[in-house]
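Heads up: the sequence shown begins at 61 in this note's numbering, then just goes up one per residue.
Simulated from the structure, these hints should not be mistaken for laboratory data.
Among these hints, one or two may not hold up.
Taking lysine-lysine and the PhoX-like style, the derived pairs with C-alpha atoms no more than 20 angstroms apart in a straight line are [said to hold, decoys possible]: (1) K425 <-> K411; (2) K419 <-> K467; (3) K479 <-> K411; (4) K188 <-> K285.
This structure is a prediction, so every number in the text was calculated from the model and none was measured.
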Amino acid sequence: MRAKYDVVILGAGHNGLVAASYLGRAGLSVLLLEKSDYIGGATTSQKVFPDYDARLSRYSYLVSLFPEKIIRELGLKLELRRRDTGSFTPYIKSGHYGGLLISNVDDKVSRKSMADLTGSEAEFNRMKEFYNLARVFAERAWDSMLEPLVSKEEMEQRFDADHVSREAWRSLVEEPLGQSLERYLQDDLVRGLVFTDAKIGVFTHPHDPSLLQNRCFLYHLIGNKTGEWKVPVGGMGAVARELEQTARKAGAEFLTNVNLLDLALPDRRIEFETEGKRQTVDAKFLLVNFGRNVLAKYSGDKYQPEATDEGSVFKINMLLRRLPKLKTTNIAPEQAWSGTFHSDEGYEQMKGSYDHASKGRLPEKTPCEVYCHTLTDDTILSPELRANGFHTITLFGLDAPYSLFEKNNAAMRKKAEEKFLTSMNQWLNEPLESCLAIARDGSPCLESKSPVDIEESLGMYHGNIFQDAPAWPFATRPEQAGTWGVETEWENVFLCGSSAHRGGAVSGIPGHNAARKVLEILKQTPDAQHRTSNVELSETI
Numbered sequence: 061m062r063a064k065y066d067v068v069i070l071g072a073g074h075n076g077l078v079a080a081s082y083l084g085r086a087g088l089s090v091l092l093l094e095k096s097d098y099i100g101g102a103t104t105s106q107k108v109f110p111d112y113d114a115r116l117s118r119y120s121y122l123v124s125l126f127p128e129k130i131i132r133e134l135g136l137k138l139e140l141r142r143r144d145t146g147s148f149t150p151y152i153k154s155g156h157y158g159g160l161l162i163s164n165v166d167d168k169v170s171r172k173s174m175a176d177l178t179g180s181e182a183e184f185n186r187m188k189e190f191y192n193l194a195r196v197f198a199e200r201a202w203d204s205m206l207e208p209l210v211s212k213e214e215m216e217q218r219f220d221a222d223h224v225s226r227e228a229w230r231s232l233v234e235e236p237l238g239q240s241l242e243r244y245l246q247d248d249l250v251r252g253l254v255f256t257d258a259k260i261g262v263f264t265h266p267h268d269p270s271l272l273q274n275r276c277f278l279y280h281l282i283g284n285k286t287g288e289w290k291v292p293v294g295g296m297g298a299v300a301r302e303l304e305q306t307a308r309k310a311g312a313e314f315l316t317n318v319n320l321l322d323l324a325l326p327d328r329r330i331e332f333e334t335e336g337k338r339q340t341v342d343a344k345f346l347l348v349n350f351g352r353n354v355l356a357k358y359s360g361d362k363y364q365p366e367a368t369d370e371g372s373v374f375k376i377n378m379l380l381r382r383l384p385k386l387k388t389t390n391i392a393p394e395q396a397w398s399g400t401f402h403s404d405e406g407y408e409q410m411k412g413s414y415d416h417a418s419k420g421r422l423p424e425k426t427p428c429e430v431y432c433h434t435l436t437d438d439t440i441l442s443p444e445l446r447a448n449g450f451h452t453i454t455l456f457g458l459d460a461p462y463s464l465f466e467k468n469n470a471a472m473r474k475k476a477e478e479k480f481l482t483s484m485n486q487w488l489n490e491p492l493e494s495c496l497a498i499a500r501d502g503s504p505c506l507e508s509k510s511p512v513d514i515e516e517s518l519g520m521y522h523g524n525i526f527q528d529a530p531a532w533p534f535a536t537r538p539e540q541a542g543t544w545g546v547e548t549e550w551e552n553v554f555l556c557g558s559s560a561h562r563g564g565a566v567s568g569i570p571g572h573n574a575a576r577k578v579l580e581i582l583k584q585t586p587d588a589q590h591r592t593s594n595v596e597l598s599e600t601i
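Work out the full structure: start from the sequences and follow the hints.
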């Protein structure tokens, strides 16, 4: 190890790997320090159930926000597959079980399914019109995610072109999302289906004056200007492995099992322990790939989160011996499970579940959604498991804020797990539990994670999968305009993870932007002390 590096990156999650790849290619010496014994952070794939050769994406599962521009520039060899089914939402109508099936590949299927639910195609047309607002927003805002922040006023000017653009800005930025949803859509189930993208991971409601729901919704709908969520072949671990290989080829060095002892932030001096040895390195640039809550422990500053920063997600990973059969008979199980399977996510239902959770109790009806990775990509299973019909599914529970779990996490986790499984079982001919693979010790192959567990495992503040509340894709304060959204109060210390402005989700965006900030400084001071003799600043980013 050297005593001094051009760049030291704290945390080898996917954003740290993106930054390391860009900076290593620019000729800088880069060291990544990782506390865990594996690389990838929240994007890792792990053998969650040791008795079975199945590598699950433990914390994250689909890809939408990862820019194609980063994939091209870094030459990443990733295969992202489209899901034929976008979503499946079961319901009971006139005493019969049915299901709203939204296809990613055939509008006719979606139109017919919507007509079966509502009696006509009118609601489908209204839904398409509403989603078009998100597409318009994405077309005008997406490219800015990899550029310095523009002011809110400048961003708004991009929406002055026509009526649809102005309507997109009004509906998604200026007014609570609930107002525009209620203006465009009439059916409760359809409203709920659309609104779920405004709630995943955060604790909010349709008319939240903070507009947290609007920001979360945009995060789910603007990725690569389409908002489509795709399946990474090989699981999220394949994304992390490809990024790790790219960073290593660029010359980045890695240390795992690192116990960070001290950070002298003004001097960018890092003291740590690994393999029983105490070491110290200095950095010209320090990139922080963990949250401000963790950084505050080393800086001595008091962390002051906003109320909107609280996490609200309950995650269950499962390995199944077979797919459960549905009560509805007009949709094949493979179709239903391959998309996002929604349960108890009606619009009014979720208003009620939010009210219950905000009063400190688990909702009577727990909204959740389930997704089966292996119906689109079965490479995460061994050939033997594939041949025997095994599948993995992941459940994301909503309206499960950190505050519900902080006093007695173990007991509340068990109670929440039972409620979410009950929610799913109401639509099945056989309970999920009866389809689970069984470990050698007789335990079911099921793993639950509450917001408390997520914070303990990954350091994410109160289990918020975005680290902080999702931010607008523009500057909200005058001093932010023109910055990269990664700056801190310390010279040459930058955020390169989800806690940066425009961080959150599996995007690589803050990693890219932190690298751009470093290279921008080096370009502006070619003869200063920050400049190294072997730097060849990349002109491609």
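To see whether the hints hold, each was checked on the structure:
{"no.": "1", "hint": "K425 <-> K411", "in the structure": "11 angstroms, holds"}
{"no.": "2", "hint": "K419 <-> K467", "in the structure": "15 angstroms, holds"}
{"no.": "3", "hint": "K479 <-> K411", "in the structure": "18 angstroms, holds"}
{"no.": "4", "hint": "K188 <-> K285", "in the structure": "15 angstroms, holds"}
Checked against the numbered hints above, the structure violates none of them.
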